[in-house]
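With these hints in hand, go ahead and build the complete structure from the sequences.
Counting with the numbering used here, you get residues 1 to 313 for the letters of the sequence shown.
In short, the hints are calculated from the structure, not lab data. Be aware that a few hints might be false.
[As the list claims (entries may be wrong)] Here are the simulated DSS-like cross-link-like pairs (lysine-lysine), alpha carbons at most 25 Å apart as the crow flies:
no.: 1; residue 1: 297; residue 2: 252
no.: 2; residue 1: 261; residue 2: 275
no.: 3; residue 1: 107; residue 2: 133
no.: 4; residue 1: 48; residue 2: 107
no.: 5; residue 1: 144; residue 2: 202
no.: 6; residue 1: 133; residue 2: 309
no.: 7; residue 1: 120; residue 2: 107
no.: 8; residue 1: 144; residue 2: 252
no.: 9; residue 1: 297; residue 2: 309
The model shown is predicted, which means the values in this text are computed figures rather than measured ones.
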Amino acid sequence: MRFSIVGPGFTPIPPVGWGAVESLIWDMRNVLIELGHEVDIVNTTDPKDILDQINSYQPDFVHIHYDDWVGLYPYIQYPCVCTSHYGYLERPNMFGGYVNIANTFAKIQPRVFCLSEGIKKVYNIMFNIPNEKLYISPNGVNCKSFEVVNIPRHSDRSIYLAKVDYRKRQHLFQSIDSLWYAGNIADDKFDQTKNYLGEWSKETLHNSLTEYGNLVLLSDGEAHPLVCMEAFAAGLGVVVSEWGKANLDIDKKFITVVPEKHINDIEFIEYEIVKNRVYSVQHRDEILEYAQTFDWKNVIQNIYLPNVKQVLG
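The following block contains the structure:
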């Protein structure tokens, strides 16, 4: 089967540094090719170029991974779906300017590969897209890319690995001495002199993540965060906000969900981070086994391709 996968166009694929969507697209492409399919990545900011490249390639299936391109959906003459990675999809009160894109989804009524059950409900109830056009298709991770050690060098540290911005809320938690941060800076409130590791390259991510006890992600909005799956692949447990729990088995002891009502209770959060970290460091094998749930090969074979076949009829 021939796939055209459409990216945002602002960052190269594969990305050199930050770029979660671009990383996901690249890993999808590699697994699809490994399984015997052909893939063309369309990654430009010119809408006309997008349509020209798709038409030139003549794919069997088109997958748009950027909300702003949903307006092209009616002009694509091949079976097509869209996936949104927008972090506030389950929080309509936070939409702001995104309401224009939301209205486009509601008007066009495209087929959507939703990252979670919660996001599917938003498309169905708020955007009025029929359930038969909605499919749950979560993100995955390339587990083989990550180094794993049995005993992490920084077993007494937790890492908050994300772009440092208002949505991720890192500055709220800088009084926690054992919490360290990596990511590009987009928040003036964040103190770069306190436990800041800079922006990690992909190589550093793959080689160094395993050296920490667990991962923290306390955002005020997420879709299906790649970084959590990367943590599992490296052997780390996770501490997430209630907005970051999509597709996670919250009964696992290495997965801790902090209720939003406690997000400003730093003493409570520090206790939960340390408790999770102690368990996670001692149960790496359990975490690595769970990571296979999200390995791209399993996700593509067991969820993605069956969804594609349903769309194709």
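Comparing the hints with the structure gives:
no. : hint      : result
1   : 297 x 252 : 23 Å, holds
2   : 261 x 275 : 19 Å, holds
3   : 107 x 133 : 14 Å, holds
4   : 48 x 107  : 21 Å, holds
5   : 144 x 202 : 14 Å, holds
6   : 133 x 309 : 13 Å, holds
7   : 120 x 107 : 17 Å, holds
8   : 144 x 252 : 23 Å, holds
9   : 297 x 309 : 17 Å, holds
Comparing the model with each numbered hint stated earlier shows that all of them hold.
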